[in-house]
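Keeping the supplied structure of chain A fixed, place chain B upon it in accordance with the hints.
Protein chains in written order, with the numbering used here: chain A, 12 to 493; chain B, 1069 to 1193.
Worth flagging that the hints you see were computed from the coordinates, not collected in a lab.
Here the structure is a predicted model, which means the values were calculated and not measured.
Here's a subset of chain A near chain B, in silico, CB distances under 8 Å, partners left out: (1) ILE15; (2) LEU17; (3) LEU23; (4) ALA24; (5) VAL25; (6) LEU33; (7) LEU44; (8) ALA116.
Stretch by stretch, here's where chain A covers chain B in the computed footprint (C-beta under 8 Å, at least three residues): (9) 1074-1085; (10) 1145-1155.
We treat Cβ as the ideally placed atom computed from N, Cα and C, and that holds for glycine.
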Amino acid sequence: MQGIALIADSDLAVPPDEAFWLFGQGGQSGWLLGATCDAVRPGTAVSLRLPAGLGSQPGIDILGRIGACVPGRLIEVVHDQPWHGRLRLKFKPASGGGTRFSVSAELDTDGLAWLMDRRGLAPRSGGDVGARRDEGAAVHRLGLLTSKSGPGAVFAMACDYLARLAVEEVNAEGGLGGKPVDLMVRDDATDPGRAGLEAGCLAAAGCQAIVASVTSASFEAAQRTVAGAGPLLLYPILNEGGAVGGNVLRWGERPLDQVRAVAGRMMKGAGSRHWYLVGNDYCWSHGAHLAAVRAIEAVGGQVVGDVFTPLGTTDFGPVIEGIRGSRATLVVSSLVGADEVAFERQAWSSGLRQSCDVLSLAMEESTRERVGDDASTGLWAAFGYFEAVENAANRELRRRYREAYGRWAPPISTFAESVYEAILLYAAAARSADDRTDILRRLQHARASMPRGPVAAAGPDSMSQRLRVARAVPGGFRLINE
Amino acid sequence: MRTTAQDAFDALSDPTRRAILDFLARSGEVTAGAIADAVDEVGRTAISAHLRVLRTTGLVEERKQGRFRYYELAADGPVLDALAFLQSILHLGVSDAVAATTQPADAPGAAADVDPASARGRWAG
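Looking at chain A on its own, in the form it has when it is part of the complex (with noise of 0.2 Å):
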């Protein structure tokens, strides 16, 4: 990777060995940034918590995987979020039978500009964003946003690499009227406010279109910023539904079809009927709910409990005690990101698992992955997509995706398919249309083939696929009935 390193060192008083196999253990003994891994080898999810002093966010996650470890004396950490980088530790005999111990952190252009937009310094109205704009009468831009930082960052973590995979795909025929498509990325933290900001940000920078793979919160905050007669705004990811402005377009699965397509299955399979629903203290948890209760009792199910907590909980310690007291034995949970993987995990090492069937409406791969193999074994997932659908589009995606990002990137989940397959819709609706309006239009009615099958847009704020049923295993998901 070409980038900027980092380096600081120090003595350890005990051996390369002792001080390898302390990685990862966060929480305990754990150290570097309080490190989190369920395994030290490599493919292996890790989590380090940076300090606060990032905006106004109390503390950022740096998301990633072990790229590589020699035992006793190297680990590197490849890590997508909150900026693409990696982390390279070293130990080495020192004398007196230490270690001599150093951690590098290399960053790209792109880490550097989180970096110093974080630190509230990049010039955004004046400069950076007027800069661009100069340039924005070369290009067609689009804008990604995305959550880079905060409980999202989880759910979000290949969106911006299949976004820039689909651009690269349309620049490859040619880019859109002439121009090369630009795409600019930026960073909600999974907070509305922000997310506000940086749509404002990505229409004033000139972007044509911007994509948004954000909570719904998010979506509603840029949608009031670019209403009207701004860029396009697409919602292309899973989302409770909802009316759109004019300029908007919302597609992605629905609740009510993700919890339909298993709840009849489950009961059966469970031998109850009592559901608890859990979910995160906004718009979209409370959409979702609606739904459920809706899909649960269409099949003779019980909703015996409803409970939200706000984004950005990491102990649901209370949550599951009020499972455990209620009659439910199956349990849908929209939790998202963060709160998803917390949940699930003390849901895991509480022993609630053992005794209760959860269908998971958010936990895509990138999620799972992060619930760990142990916790997430034998949960229930409906999406459109899985990475591990078989068919020759996706086969083809997954070896470009793999070949650009190399084989420690994030999974494709269905948030980064969507996005992908939202940016490949515009661009051929801007292909063959002559102005904005047309676009739209064109959008609205947008039939396509892609990865995760046929997708046909039902006006501005539906958009028909398959789902597909799967439960996760050791590794990813296994589809059912495929």
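Leaving out everything else, chain B in the frame of chain A:
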């Protein structure tokens, strides 16, 4: 003055410029001649060119006094602030390591007693 991450990145992508920054970080304010003496892999003319790039990207500040020009790291420069922040995170990581390997195992979370001088940072390529 506008410093974009791209400008800064270009400025930092050169090993000689990183060597100059490293030297300035250790020495404080110095003359161009002292920099040229310390970073001796290129000639004085080249050093001036590198200093110009570092100055225009806001990484280094220049002060003229008489016939001398003095240079120092732009302490409040956005790029250096961002990188200094990242550097401080690495130091914190190293301190975590020192603490984890010196504490008795039955006292987790005890405050680490780390000598800041024992954890040093530097530019690398």
